[in-house]
Structures are given as structure tokens and as C-alpha cells.
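Enquirer: Listed below are the residues making up each chain.
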Amino acid sequence: MAVAAAVPAVAYVGPGAGFALVSSFLVIFVTLILALVSLLIWPIRTLWRVLRRTRRAKPTIRRLIVVGLDGQDPRLTDRFLAEGKLPNFQRLAEAGCYSKLRTTFPSVSPVAWSSFSTGANPAKHNIFDFLDRDLRTYLPTLSSTHIGSVDRFLKIGKYRLPLGKPELRLLRKSKPFWTILGEQNIWSTILRVPITFPPDRFYGAQLAAMCVPDLLGTQGTFLLFTTRPTGEKFKEGGMRVPLTGDTDGNGNGRYEATIEGPENLFLEDSPTMTLPLVIDLNGDGERGQVTLGKETVELERGKLTDWVTMSFRAAPGVKVNGICRMLLTETGEHVSLYMTPISLDPENPAMPISHPNYYSTYLAKLIGPYSALGLAEDTWALNEGVIDDSTFLELTYDIDDEREKMFFAAMDRLRMGSLVCVFDGTDRIQHMFWRYLDPDHPAGGDRDQAEHKDAIEKLYLRNDRLVGKVMDRLRDGDLLMVLSDHGFTSFRRGINLNSWLLANGYLKLKEGADGAAEWLRDVDWSGTRAYAVGLTGMFLNLEGRESEGVVKPGEEATALKAELIAKLNGLEDEEKGEIGITEVFDTAEIYHGPYKGNAPDFLIGYNSGYRTSWDCATGVVAGPVFEDNVKAWSGDHCVDPRQVPGVFFCSRPIDSEDPALIDVAPTALELFGLEPPAHMEGRSLFDTAQAKRGPGGES
Amino acid sequence: MSVLNAVLRAAVDGLLSPFRGLSPWVGLAVVSILTAVPMLLVFRATSNQTALAAVKKQIHAGLFEIRLFNDDLRAIMRAQLHILRQNLSYLRLSLPPMLWIVPPLVLLFAQLQFHYGYRGLEVGQPALLEATIRESALDGATGKPTLRLDVPDGLRVETPPLWIASESRFSWRIAAERQGDYTVKLGFAGQEVEKSVHAGERVVLRSPERLAPTFVNQLLYPAEPPLPGDGPFSAVSIGYPERALSLFGLETPWWVVYLGLLFLVILALRNAFGVTI
Chain A
3 MAVAAAVPAV AYVGPGAGFA LVSSFLVIFV TLILALVSLL IWPIRTLWRV LRRTRRAKPT
63 IRRLIVVGLD GQDPRLTDRF LAEGKLPNFQ RLAEAGCYSK LRTTFPSVSP VAWSSFSTGA
123 NPAKHNIFDF LDRDLRTYLP TLSSTHIGSV DRFLKIGKYR LPLGKPELRL LRKSKPFWTI
183 LGEQNIWSTI LRVPITFPPD RFYGAQLAAM CVPDLLGTQG TFLLFTTRPT GEKFKEGGMR
243 VPLTGDTDGN GNGRYEATIE GPENLFLEDS PTMTLPLVID LNGDGERGQV TLGKETVELE
303 RGKLTDWVTM SFRAAPGVKV NGICRMLLTE TGEHVSLYMT PISLDPENPA MPISHPNYYS
363 TYLAKLIGPY SALGLAEDTW ALNEGVIDDS TFLELTYDID DEREKMFFAA MDRLRMGSLV
423 CVFDGTDRIQ HMFWRYLDPD HPAGGDRDQA EHKDAIEKLY LRNDRLVGKV MDRLRDGDLL
483 MVLSDHGFTS FRRGINLNSW LLANGYLKLK EGADGAAEWL RDVDWSGTRA YAVGLTGMFL
543 NLEGRESEGV VKPGEEATAL KAELIAKLNG LEDEEKGEIG ITEVFDTAEI YHGPYKGNAP
603 DFLIGYNSGY RTSWDCATGV VAGPVFEDNV KAWSGDHCVD PRQVPGVFFC SRPIDSEDPA
663 LIDVAPTALE LFGLEPPAHM EGRSLFDTAQ AKRGPGGES
Chain B
706 MSVLNAVLRA AVDGLLSPFR GLSPWVGLAV VSILTAVPML LVFRATSNQT ALAAVKKQIH
766 AGLFEIRLFN DDLRAIMRAQ LHILRQNLSY LRLSLPPMLW IVPPLVLLFA QLQFHYGYRG
826 LEVGQPALLE ATIRESALDG ATGKPTLRLD VPDGLRVETP PLWIASESRF SWRIAAERQG
886 DYTVKLGFAG QEVEKSVHAG ERVVLRSPER LAPTFVNQLL YPAEPPLPGD GPFSAVSIGY
946 PERALSLFGL ETPWWVVYLG LLFLVILALR NAFGVTI
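Residue numbers (the working numbering), protein chains in the order written: chain A, 3 to 701; chain B, 706 to 982.
The shape of chain A in the complex, shown without the other chains:
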């Protein structure tokens, strides 16, 4: 009818239909243009890459697929294999190999995965723990990332325009294997491998992981909005936020709070940005809505919301976006709402969390919103009893599901090159549920009645299904590795090394202080010769290095080292009649490399069942040296690394009888026909000539 009409026919298509058609044609047009541009520049790009290539690689495989199951333990794997519960792991082992995988010193994820990627010991990649210390203030700092600030601004009215971006620097040194592969035009997709923030720049794509902060700038702070008195402070990882309001007695009510967001660099003194939070409860009080700025979502008591986007307005046209999930945990006399740490919005991140920059956006468009936080699983909320086991498991498995989607999307799109994806759920669930596995664990409670007493077994079964799915998608020329960076053991007792140092005269408190202040603030440095920071390290208070160092380098330091090692080796937990520390390692002996000077002076090899105590980890000097760990965080791996090797499965038999994590990087290079560079100490797993290695993993 319209076409036949006398008046301009095209106009009579109408703006409504026209809108849909024009939008669609616009998309097709843009797509075709992009495709055309890609086709036109493809020969130029290819030529450029060929010219830049320094060596001609002769790969022996087409694709290397590495599935990292952070913390999968060989003893548990063996047990479940023997019980026939891991058919896909069994299939993989029979097709290729299964072995323990020697981990790094210390056996903590940032160190281990850095050695995995660089094929080098920590003294070459400069990552020694989660935390380091500021030599001037003794306060803890992140070991892997430096996040700077902006000093110069252009003032415009009440706003100021930052002139530049805050400096973001990865403190990991050396070259990961994917960078070397990229130099030879071999693509890599690297998903959530720890210590990749800010992301590496290389020929491939990468989504950053450990050390990506939340929107508040922390490593993960959950919020509990509650009408209960908020005086009590969470030990770690969370904040109580007062919720005000009232009900009408019939379960209807309105409660309000303010979310304190990130600092606003666009205003003088960088005040925090805020966002109103309003909870409307209705009916029986079991349901309601929560409104975050302009976003409103339905609430149901005990049911987690999906990801919700929140927008903080910094200046006209400038917004900082985050995403979170929420759970109404309590209604009635008091109302409480749990909010996960606010992740950077991966679709519109406030700082670079991927390479190329748009890769995180691409993934968010492709698979939906996902947590971008470095330590995404909220272990602290479970530790503090804010959420229960079921909620923690749901959150953690949802994050692993997100990871699985991005992994398979990447696998389907990879034609040649490497793909590495690390799944963190294995680590987090073992940390939090070991208490049900260890009959002697003080946090076990009534473990036989616990709903999730078999959470770890289910986790391994889930990992097995994942491996099965990956194996089903393998093609000719693929090589699959499934590995973990370390194993796991129980964490029954905590050792406060700083308390021990205090009791034995190596550490002194300020006059009148009781040592209860966090981050060693009560310590009198002028009378302190040694102190512990982080999860496995201990330092001398060395003159010329620490700002208030008192131990002279040379003979005095060497003697003090020997004295401390002698006293701490085999340190006995008299209450339990067990050895708390099996061996203290002198890092000067086990590390070799240009960054050895940044390492702790000692690495503490805790016995299985022991670990640095919660107080010691936060720099509290008070309290007993040994104490029970009664928190949900009940399993750990920050022990003598010889006690917690990882696992290594491969779709092809390997030639090594003693594979180590640092062997993976040189193996990857050799599989793609490249000679590993000199700084890599690992040896190809497909090379029979195995060199002897020291305890640091170096040859």
C-alpha cells in the first residue's frame, strides 16, 4: 500500500519501522565497513608481523590449552581418583600423564603463578608474597601493583580536571611466556592468571586478575547495611554501614543508607562519591526492592540478586560504574542487607583491567556482567559470619561459571596459539570448607550435620566435569594441561611470629603500647631486630634498608639470621605437642636473581596444620604465639612448600619425573618451536634431560 502510494513512498515506511530498519542497516553497514577495513589492512598487518618476527617458529602443536585449578590438591585428587569419582581426570591421565607439580617458595598464588608465567624463581620476577612493606613506614603494600596518584589538575570552577592518569605499574618483572610467543606472532588469550594487573601488552588478549581492586580501592570490602548498632568492627574485608528507617509493624518499611564510593578526583580534596541506597520492604517483610541511585531491583530474603550496576557521578558527564550483588539477610526487628565488594564494571571499567582495553567490555557484552575484582570470591564475609556456607558457595560457583563461559568462548575462537585460564573457586572453597574435611579442626563444629560437609568433594567433581567438557572440545594438534599452583592442607593453628619475636627479645613495643594496634603501629623500631610481614616472610630490621633499621649488614645480620633460623627451625607447639615450623629458609641461599634484595630475609616453612595467625597477618603483636584457628577460613597452603605440591595433568605423556611449575613456561615456548630465553630456569617437560633444581625451583 505504502509503496504504491503517490506521495513519497519511502516516507510512508514510517519512522517506527524505519527506526528498526535503519538501526539494523546501520549495524550491517558498520559491520561491512569493519570487515572491509580488516580485509584491506590484513595483508599490511601480516607483512608487518612477518617483518617484525625475529625467529621462524616451527610449532609442534596448534593450540596449547592450560586450565589452572588454583589449589587443587594431589592427595585429594588421588583419593577421589581411587574412588572412581573423577572419570575425566582419569581419562586425561590415561591419555597422557598425571603427576604432582612442584610449587614455588613460598607456595602462595601470586608467587606461584608469576613463576608459572615467567619460568623463573621469585628473585627474577620480584613477587615474593601478597604483601610487601614500605621501607620508610613499615606499613604493608601490595607486592605486585603500584597504584599512583595524580598531582596536577586544571581548575575549572568548582571542578578540577586531572592532568593525566594515576600511574599503574605491574611490579612483576621478567617476561611471561605469552609475551615471547606474541613476539613471534603466536596469539595467546590469558584469562584471570594472577598477577596480571595492570595487564601485559602483547599479541593476544588478557583479562587481569589478582590485585585488581574493587571500586573502593581495596582488595575486596563487602558492605553490611544494618539497623543493628555498628560499633563492632569486622576484623578484615568488611564494613558495617548504618541503615535507618522503620516498619509499620506489618512488615512494610523503608530503610535508607549512603554508600561511600571511590574518591572524586574532580573535586578539591577528593571527597568520596556517595550514592543513596533505599530498601523498601513490603508485605511479610520477606520481599521488597532495593534502589541504588536509579537502579531498582527486587529483593527476597535469603536470595542473592543478580549483578546490579551502580553509577557514581564524579562530574558532569563523568561517571564511575561498579557492579555488586546483594542479599537481604535479616528482616523483622532488625534489617540487614549484605553487598558483595563492588567490582569495577567490566563493561565500563574505571581503570584498565584487560588488554586490549576493550577486551573486558567485549567479554561483558558476550557473556554478561562478571566480577572483575582480583580476589572475587568473598571469603571475608563468610569468615565474619555475614553470609552462610550456601551463599558463599553460590557466589563462588557463579564466578566460576562466568569464568567457564569466557574460557569456552575463547577456546572456540582460538585457531592457533595458547589459552590459559585460572579458576579460583578451587582455592577459595578449600580455604573455607577444609574444616569439614579435617576431623580435628577447631572450626569444624558439628561437621557431620553440616549441609555442605562434602563441599570439597563436590568441588572436585565439578572440576572433573569441566575437564570433561574441555577434552570434548579438543581438536587435532591440541595439547591440554590441567594444573594447580599448589596443593592444600589444614589450617588448625595460627602462629604469631611477631609475638614470638616480642617474647624472645627481637621485637620491642613502644612505651605503654600493648601491641594490639594493627600493621605494627605499636612497634618501637629502634629496639626491634626482626619482624614479620605478609603470610610467609620475616625481615631483619636492617640498617640502611629499613628507615629505622638497627641491625648492621654483614656479620651482625648473618649471625642474627643464623640465630633466628636455629631457634625457629622445629618450633614446637607445646600445647598440642606438635611441630609448628618445619624449617626456616634463608632466602639468600634459595633465591638467585636481580631482585633477591627485595625478598624477605626468611621464608617460614610452617608445618601442615599451621600458618601465620590472623593477628600476625594484620600486624598485631599482642596475644599468644600459638592459637586455634576458629574461622571458616580453615584450609591453607602457606606452609612449607614441600608439603603442598600442585597437580599436573597433560594430554600427552611427559618425559619429566619431577615436573615443576616453572617448567610450564619453557615447555609452552618449546611446543611452539621457540627456544626458551636464558632467564627461564625451568626445563621443557618434553625434554628428558632434567636438571637438578634447588628448593626455589631454580636449576
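Please note that the accuracy of each hint is not assured.
Straight-line distance between alpha carbons at most 30 angstroms, and here's what the computed DSSO-like set of lysine-lysine pairs gives [said to hold, decoys possible]:
1. A/K175 with A/K471
2. A/K175 with A/K563
3. A/K569 with A/K554
4. B/K890 with A/K296
5. A/K87 with A/K471
6. A/K598 with A/K569
7. A/K296 with B/K762
8. A/K167 with A/K102
9. B/K762 with A/K407
10. A/K321 with B/K762
11. B/K761 with A/K407
12. A/K455 with A/K102
13. A/K167 with B/K849
14. A/K305 with B/K762
15. A/K177 with A/K60
16. A/K407 with A/K471
17. A/K321 with B/K849
18. B/K762 with A/K471
19. A/K305 with B/K761
20. A/K471 with B/K761
21. A/K321 with A/K407
22. A/K407 with A/K455
If you're looking for bench data, these hints aren't it; they were derived computationally from the structure.
Since the structure of chain A is provided, determine the placement of chain B on it from the hints.
Expert: Below, chain B alone, put in the same frame as chain A:
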């Protein structure tokens, strides 16, 4: 239909009356805002917003993919196919709201066409007045039939009637002597019809053609009541010149300007109305 057209004529005429003496851009801008708002509301209410948002994200993902894997021709083609598939889904999801939006907009479009699609007669400039007679009204007569034309003061007939027998059509050349709204009367076989004629530049309703009362004619030519269905005339038309608006120096039809403004307004307001389009 006649009643509906009469109501719409009155409504649109009333709406545009404040802008008659102004540039057509002003009226079109106002109309685009007034149509964008209900369009957005209807779109939001009648579409699957969640599915649309998901499809749009998949399209964006495909575009990113082309950029990401720009060294891999196979990946580029695969991404293109993905985008095209998603595009079809987008069109499918857009269909239900379009079924709601298109009918009222067609009616509105028809009204706007006769406000903005033509210029009035210029004083002194000739225009063609034509009247088409039904075959049945000629009753087999072979000679030139007689048709009476009355023009009011202010219009003048410049030529005698030209009879085109093969098309059963009379043509006159007329011209306006001054600006204004006029009505000419045509009589044939004892029946008389009227035709409006407008001379002047203002944006007012102009009807270039008055046709028989079919549904399509009434839908597409709502500016004047249809001719009597049992009368001798099948069409009476006046040759208004078409109007073009200047857009960056280019002569542009009014509907292009209107659609452009409508797009801009919709894009500007969609977030405020919480609509995914």
C-alpha cells in the same frame, strides 16, 4: 475514516498553528519531540526490553570481535555471521512494538506531508488545475463535455479548459492575484464540487488532490474530505510546488529532516525514559 481524518486534521492543524509563520524546522522539531516521547513509551511497554538489550550486546560483541581478531579472516567472517544473526533477532524483537507504533505514525505522517510537503501558490505564478471525470459520467459522449469552473476573487483563470479525452481530464492554468485561502467550484452534469487552493508561504494544510472516497485515498490524502462517491468527478488537483528544506545547503525533503530530528530526540531521551532501542 472521514471522521478520523477530520479529527486528526483539526488536532495537527491546532498543534502547528503557533508555528505557521516560522521556519518549518521549528514545527518539525516540536513534532519530533512530541512524537518521540509516546514512541519511546510505547516501545518500552510493548517490546521485550531484556531480550533487546541482550541482542544488542551480542551485536556489540561481534563488532568488538572483528576488531580483536583482525588478523584472522575466518574469525572476522564468523563474527559477521554472528552479527547478522543477531541483527535478524533484533528485527524480530522490534516487530511487536513497530506494529503498535507504525499505524498512528502513518496517519501522522500523512497529515504532516500536507503541511510540510508543498509550498503554496506564489502570486502571479501559474499552476495547473485539473479535474478528472469518471468514464461512467461521460455516458459514451464523444465530443468535448462542458464543465463549469468558478474561481473567487484573488484567483484568475489564465487559459481556457484543455480537454484530454484519452484521460477524461480537464486542465486549466490558474494564478493567484494575492495571497490567501480560496475555494474554486467545478460543476458537471448538474453536480458541483469544491477544491481548496492556497496562495502564500506559510506552513498550513494544503491539499494538492481531492480524490474518490476509497480507504487508501482517505488514508493517504487526508487533507480534504473525499469527493462524493456517486458524483461525476474522480479527482480534482492543484499543482502545488513541492517544498524542500535547506540542510547544509542541500535541498532536503521534509520527512528526511523530521526523521533525522526524531532519531536525535529518541537517542537523547532513551536513557531518561529507560528504554532500550
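Enquirer: Of the hints given before, which are not true for this structure?
Expert: Of the numbered hints given earlier, those the structure breaks are 1, 4, 8, 13 and 17, listed in rising order.
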